[in-house]
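Protein chains in written order, with the UniProt record's numbering: chain U, 1 to 334; chain Z, 1 to 382; chain G, 1 to 262.
Bear in mind the hints are in silico, worked out from the structure with no lab data behind them.
Calculated cross-link-like contacts (lysine to aspartate or glutamate; reagent style EDC-like; alpha-carbon spacing at most 20 Å):
| # | chain 1 | residue 1 | chain 2 | residue 2 |
| --- | --- | --- | --- | --- |
| 1 | U | Lys19 | G | Asp162 |
| 2 | G | Lys192 | Z | Glu20 |
| 3 | U | Lys91 | U | Asp191 |
| 4 | G | Lys179 | U | Asp251 |
| 5 | G | Lys51 | G | Asp151 |
| 6 | Z | Lys144 | Z | Asp217 |
| 7 | G | Lys227 | U | Asp134 |
| 8 | G | Lys224 | U | Asp134 |
| 9 | U | Lys201 | G | Asp162 |
| 10 | G | Lys106 | G | Glu55 |
| 11 | G | Lys239 | U | Glu319 |
| 12 | G | Lys197 | Z | Glu10 |
| 13 | U | Lys224 | Z | Glu32 |
| 14 | Z | Lys176 | Z | Asp135 |
| 15 | U | Lys195 | G | Glu148 |
| 16 | G | Lys239 | G | Asp254 |
| 17 | U | Lys224 | Z | Asp347 |
| 18 | G | Lys250 | U | Glu327 |
| 19 | U | Lys233 | U | Glu319 |
| 20 | Z | Lys31 | Z | Glu201 |
| 21 | G | Lys250 | U | Asp316 |
Distance windows between CB atoms, simulated:
| # | chain 1 | residue 1 | chain 2 | residue 2 | range |
| --- | --- | --- | --- | --- | --- |
| 22 | G | Asp151 | U | Glu319 | 57 to 63 Å |
| 23 | Z | Lys36 | G | Phe229 | 53 to 59 Å |
| 24 | G | Phe229 | Z | Gly62 | 56 to 62 Å |
Glycine included, C-beta positions come from ideal geometry on N, C-alpha and C.
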Amino acid sequence: MGRENSKNVWVFIEVYDNKIRNVSLELLGQGRVIADQLGEKLVGVVIGDNIAGLANEVIAYGAETAIVVSGNEYKDYSTDGFANALTALVKKYAPSVLLIGATRNGKDLAPRVAGRLETGLIADCTDIEVNSEDRLVEWTKPAGNMMSTSICPDSSPQMGTVRSNVFKKPAPDYNRAGEIVAEDIGTKADDIRTKIVEIIKTVQGETVNLEEAEIIVSGGRGMKGPENFAILKELADILGGSVGASRAAVDADWMPYAHQVGQTGKTVKPKIYLACGISGAIQHLAGMSSSDLIIAINKDPEAPIFNVADFGIVGDLFEVVPLLTKEFRRIKNG
Amino acid sequence: MANYLLINDEQADLLNSIKEILHKELAPYVKEYDQKGEFPMHVLKKLNEAGFHSLNLPTRYGGLGIDKVTECLVMEEFAKVDAGFAFSYLTSGILFGFYEYNPDVSEELRAYAADRLINGDITAFALTESDAGSDAAAIKTTAKKVGDEYILNGTKCFITNGGIADFYTVAAVTDKTKGTNGISLFLVEKDRGVQCGKEEEKMGLRLSNTVELIFDDVKIPAANLLGRENYGFKYVMHEMNLARPVNMAFAVGIAQAALDYAVKYAKERVTFDKPIIQHQGVGFMLADMEMLTQAARSMVLYAAMAIDKGLPLGTLSSTTKTFASEACMKVTTDAVQVLGGYGYMKDYPVEKLMRDAKIFSIFEGTNQIQRMVTSNILARSK
Amino acid sequence: MNILVCVKQVPDPVEIKFNSETASLIRACAANIVNPFDKYALELALQLKEKHGGEVTVLTMGPPQAVDALKECYAMGADKIVLASDSLFEGGDTLATSYALFCAIKKTGEFDLILYGKQAIDGNTAQVGPQVAERLGVAQATCATGIELADDKVLVAREQDDCQEIIEVKMPALVTVAKLAVEPRNPNIRRKIAANKIEMPVISAADLEGIDAARLGLTGSAVKVKKMFAPPVRGAGIKIENETADNAVKALVDYLSNAKAI
Numbered sequence: 001m002g003r004e005n006s007k008n009v010w011v012f013i014e015v016y017d018n019k020i021r022n023v024s025l026e027l028l029g030q031g032r033v034i035a036d037q038l039g040e041k042l043v044g045v046v047i048g049d050n051i052a053g054l055a056n057e058v059i060a061y062g063a064e065t066a067i068v069v070s071g072n073e074y075k076d077y078s079t080d081g082f083a084n085a086l087t088a089l090v091k092k093y094a095p096s097v098l099l100i101g102a103t104r105n106g107k108d109l110a111p112r113v114a115g116r117l118e119t120g121l122i123a124d125c126t127d128i129e130v131n132s133e134d135r136l137v138e139w140t141k142p143a144g145n146m147m148s149t150s151i152c153p154d155s156s157p158q159m160g161t162v163r164s165n166v167f168k169k170p171a172p173d174y175n176r177a178g179e180i181v182a183e184d185i186g187t188k189a190d191d192i193r194t195k196i197v198e199i200i201k202t203v204q205g206e207t208v209n210l211e212e213a214e215i216i217v218s219g220g221r222g223m224k225g226p227e228n229f230a231i232l233k234e235l236a237d238i239l240g241g242s243v244g245a246s247r248a249a250v251d252a253d254w255m256p257y258a259h260q261v262g263q264t265g266k267t268v269k270p271k272i273y274l275a276c277g278i279s280g281a282i283q284h285l286a287g288m289s290s291s292d293l294i295i296a297i298n299k300d301p302e303a304p305i306f307n308v309a310d311f312g313i314v315g316d317l318f319e320v321v322p323l324l325t326k327e328f329r330r331i332k333n334g
Numbered sequence: 001m002a003n004y005l006l007i008n009d010e011q012a013d014l015l016n017s018i019k020e021i022l023h024k025e026l027a028p029y030v031k032e033y034d035q036k037g038e039f040p041m042h043v044l045k046k047l048n049e050a051g052f053h054s055l056n057l058p059t060r061y062g063g064l065g066i067d068k069v070t071e072c073l074v075m076e077e078f079a080k081v082d083a084g085f086a087f088s089y090l091t092s093g094i095l096f097g098f099y100e101y102n103p104d105v106s107e108e109l110r111a112y113a114a115d116r117l118i119n120g121d122i123t124a125f126a127l128t129e130s131d132a133g134s135d136a137a138a139i140k141t142t143a144k145k146v147g148d149e150y151i152l153n154g155t156k157c158f159i160t161n162g163g164i165a166d167f168y169t170v171a172a173v174t175d176k177t178k179g180t181n182g183i184s185l186f187l188v189e190k191d192r193g194v195q196c197g198k199e200e201e202k203m204g205l206r207l208s209n210t211v212e213l214i215f216d217d218v219k220i221p222a223a224n225l226l227g228r229e230n231y232g233f234k235y236v237m238h239e240m241n242l243a244r245p246v247n248m249a250f251a252v253g254i255a256q257a258a259l260d261y262a263v264k265y266a267k268e269r270v271t272f273d274k275p276i277i278q279h280q281g282v283g284f285m286l287a288d289m290e291m292l293t294q295a296a297r298s299m300v301l302y303a304a305m306a307i308d309k310g311l312p313l314g315t316l317s318s319t320t321k322t323f324a325s326e327a328c329m330k331v332t333t334d335a336v337q338v339l340g341g342y343g344y345m346k347d348y349p350v351e352k353l354m355r356d357a358k359i360f361s362i363f364e365g366t367n368q369i370q371r372m373v374t375s376n377i378l379a380r381s382k
Numbered sequence: 001m002n003i004l005v006c007v008k009q010v011p012d013p014v015e016i017k018f019n020s021e022t023a024s025l026i027r028a029c030a031a032n033i034v035n036p037f038d039k040y041a042l043e044l045a046l047q048l049k050e051k052h053g054g055e056v057t058v059l060t061m062g063p064p065q066a067v068d069a070l071k072e073c074y075a076m077g078a079d080k081i082v083l084a085s086d087s088l089f090e091g092g093d094t095l096a097t098s099y100a101l102f103c104a105i106k107k108t109g110e111f112d113l114i115l116y117g118k119q120a121i122d123g124n125t126a127q128v129g130p131q132v133a134e135r136l137g138v139a140q141a142t143c144a145t146g147i148e149l150a151d152d153k154v155l156v157a158r159e160q161d162d163c164q165e166i167i168e169v170k171m172p173a174l175v176t177v178a179k180l181a182v183e184p185r186n187p188n189i190r191r192k193i194a195a196n197k198i199e200m201p202v203i204s205a206a207d208l209e210g211i212d213a214a215r216l217g218l219t220g221s222a223v224k225v226k227k228m229f230a231p232p233v234r235g236a237g238i239k240i241e242n243e244t245a246d247n248a249v250k251a252l253v254d255y256l257s258n259a260k261a262i
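So that you can see chain U by itself, here it is in the shape it has in the complex (with noise of 0.2 Å):
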C-alpha cells in the first residue's frame, strides 16, 4: 500500500486466556510515544471472540480508539483468520505504523499481512522512535555483533515486531475516554485451514517466566554439563530467582530452550542478572542487558560480558556460586 493518506498508529492486542498479553500493553505505551511524535491517534486493535470488555483496557492503557472483531471464528488463533481480518482493517482505514508483539502467534501473523500488503516489516526491534525531519519510524534492533536501524520509506503500514519487556508497560488510567469500533468481519470456515486440536501444558512441573523474574542466574558455556546447573538453581532458589542459560547452553542441550535469554531467546529485564561462564556474545547481551544490576563471573578476564557488568568477578564460577548460595543462605537465615 501507499504512504499518501495514510494515519495513525495501530497496536495488535494480542489476546491469551481472555486477558491481554504484556506485550501489547507495552507497545500501547511505545505506541503512544510514537503518535504523539506524529501527532496521530494511537488504536488498538483487539480480533477475537467475547472481548468487548477489553476494549475499555486498550483505552486504558493509552488508545484513542479501540477496534473490535468479534466472531465464533476468532475464539482461537489461525493465520488465516487473523490475517484475513488484520488487512481488512488495514486496507479500510490505512494506518501509518502498524505493531505487533513478537510472541509466537505474533510472529506467525506479521510476515502473512505484510506480505498480503506488500509492505516493509522489521522483527524483533529493540527501539522504535521517529525522526523528527521526515517523519519515519526508525526500527533499531540487533543484527549480528552490530545494531542496525532500519526505515520502510514507501510503503505504508510502517511495520515491527516488539518482544515482551523491551519497552514499559504504562500505567493504566481508567477514567480516559475513548472510542470503541466495532468492525464486522467474517471470515468463512472454509477459509480457515488450520484447526487447534490440542493444547498440551508445559510437562516440566515448573514454568518458566523468565520474563517476569526479579532474579536471574544464567549459566552459558562455561557451565561445562548439564548436571552443573544445579548449583545455578539452588542459588537462584535462594534468592527467589529463576534459572536462565545463553544459547550456547541450550544449543548444547544443557538446558530447556524456554530458559534461553537473548536475541533469539527472552528479552528479560531483572532487578539482577547474574552470568555465570557466560562470554557475552551480542546476541545474549541483546537480551539482557537492561537489566538493573548485571554480575558476571568468568574465568576470562577479556571476555565481553565484563564490559557490561556493573560487578564483575574474574574467577571459577565452581568456587564463586556455592560460596555465594552459601552467603545468601547465611543473611537470609539472619
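Fit chains Z and G to the known structure of chain U by using the hints.
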C-alpha cells in the same frame, strides 16, 4: 594438514567429513568407554548410518571401494580419536580381504560375506588359541567333514570383535598329519552355535571387544569352506602379510594424537618464564617425536601404495609393522614425559594413548617374530 | 508425498569473530553451515518420506558457494537439490527474498508440503517462511516440533509461548520447524561423494518466466537499512581480579547490599 602433503582433494574431503562425524559421534564417549572397557554399540550404529562401514568394500558390492592408501588415511583419522574403537570398527572391512583377493574363494561365498557386511554386520577373525600365537600353525581347533557339513570343535582366544561379531572367519585343523598344510578357513555364522567366553580386561584398546570363542560341535555347511581345504594357512599368511603394515595406520594415528597434544601442551605450559617447547630438552624431544611419526606414516603409506599396485612387499610388511609400532610406543611414552606429572594422570589423554600403543608391538606377530622374518628374507636374498 | 525443504547457508556462529577496532564482523575465515533449523526441517522431511514415501527436494537461494549446503542436504538423503543463484536476488529484505523464493519454488515443482527452519540464525527474522506461504497462498504453521500425516492434512505439534499446540493444517501447507527432540542425521559418506558428481540445476532470474526484476533484491525491498552502529556500551563497573573466591564473594555481597538490591 602439513603432514599430508600428497593427499588429493577427494581424499581431503572424505577425511574432513569423517573427522567431523567422529568428533561429534565418537569423541564424547571415548573416556567413559575406556574406563568401562566396552565397545560403544550406539556409536557403531551412528557411523553405519553415515555409511562408514562400507568404505573399504568393493564398489561392485555397494561399497565405496577406496584404495589402500586412502584406507590408511581413514584408519589414522579414526585412531586419532580412539584406536580401540577404530580397530574394532574397521576390522570387519579389512577382514573382507580374505574373500576379496583370494581367487580360490567361490563368488557365492564372497558375495554372501560382502552382502552381510554392507548391511552392517560385524565380523571377526578367529585364529589365535591359548597355545598358538605367533606359531599359528600350532592351533588345535578341528573341523571334521561329515557328509555335507563340517563340525568345529575348539577354543579361540583374544578374538577382536568376538563378542559382537555376526560371523567369523575361523582357522581350524582339517588334517592333523599335515601341520601347516592341514589347516583350513571357514565362514562361521554366530547363530550356528558359537559361544562367547570371558571378555578380556585389556590394558589398552579398551573400546575394542576381545573375547574367547568356544566351538562345541558347531555344524556349518561345506560351502562355508573358504577356498580349498588345507590351504588355510597359506591364505592366512598371505592376507596377514598385507594387513600387517596397513594396520599400523592405527599406530600412526595414536602417535599423531599424542604428538599433537604434547605440542599443544608444550606451547601453553610455562616454566622458568617461557613455554616449555622453548626449552631445548623438551623441544628436541618433540622434534624426535615428529620425526618418528612422519617416518612411520611414510612407511605405512609406501606399503599401502605397493599393495594398491599389486607389488610384492618383501621385507616391507614386517619392517613397517615393527618400525611403526615401536615409533608409536616411543612417541606416546615421550608425550607422557612432556606433560610430566599431568601426563601420568587420567585427566589428560596421553596416558591412554601410551596404553593403547603397546599392543601394536605384540599382535599381528610380535616384533621379535617380525625381525626374524626380516632377517630371514635378507639371508635368502641374492 | 512431494516435500520441498528450503534451506539457507549461514556463517558458523562459533567462528564469527568481532573486530572491535573497526566494529565489524570478520567473516572471511568463518566456515559456512546449513542453518541448523533448516537441518531439523530436512530431518523431519526425510522421516516423513521414510514413513509415507515420496520425494524430498531441497532448494536454496544464495551465492554459488551455497552449493555446499545443498551437497550436505543431498548427503543426508534429499532426492533432488536445486540452487537459485543470481546477483539480482541478493540484498533483499524478507519481502523481496520471499518473492524470489516464490518464483523459484514455482519453477521447481508442485509440493504438498514445504518446510522451512523456523528462522535463519544469521538474520533471525522468522519472516521468510510465512511470507512465502502468503505468496503461494497456502496454509501455514510456524515453530513445529513434529509433523504427522493425516489424509489431506498434516498434524503439526507447535511450540507456543507457554504450551504446546497440536494443530491440523490442510495441505498444501508450509510449515516452519523448530529444534526437534532428535538431532538431524549425519550426512552419508557415499551420498556425499556422489553429491560431488551430480549435475546441479541452477536457477537464475532469467529462467523465471514473468519475474518482475523490480521486486527483487535491494530494489524490491520495502525495508531499507539506514545505519549500522556498534551497540551502546553499558559502562563496565567494578571488576574483581586475582582475589580469592572468599574475598570476591564478600565484596559482591557488600556491593549488593549497598545498592539495596537485596
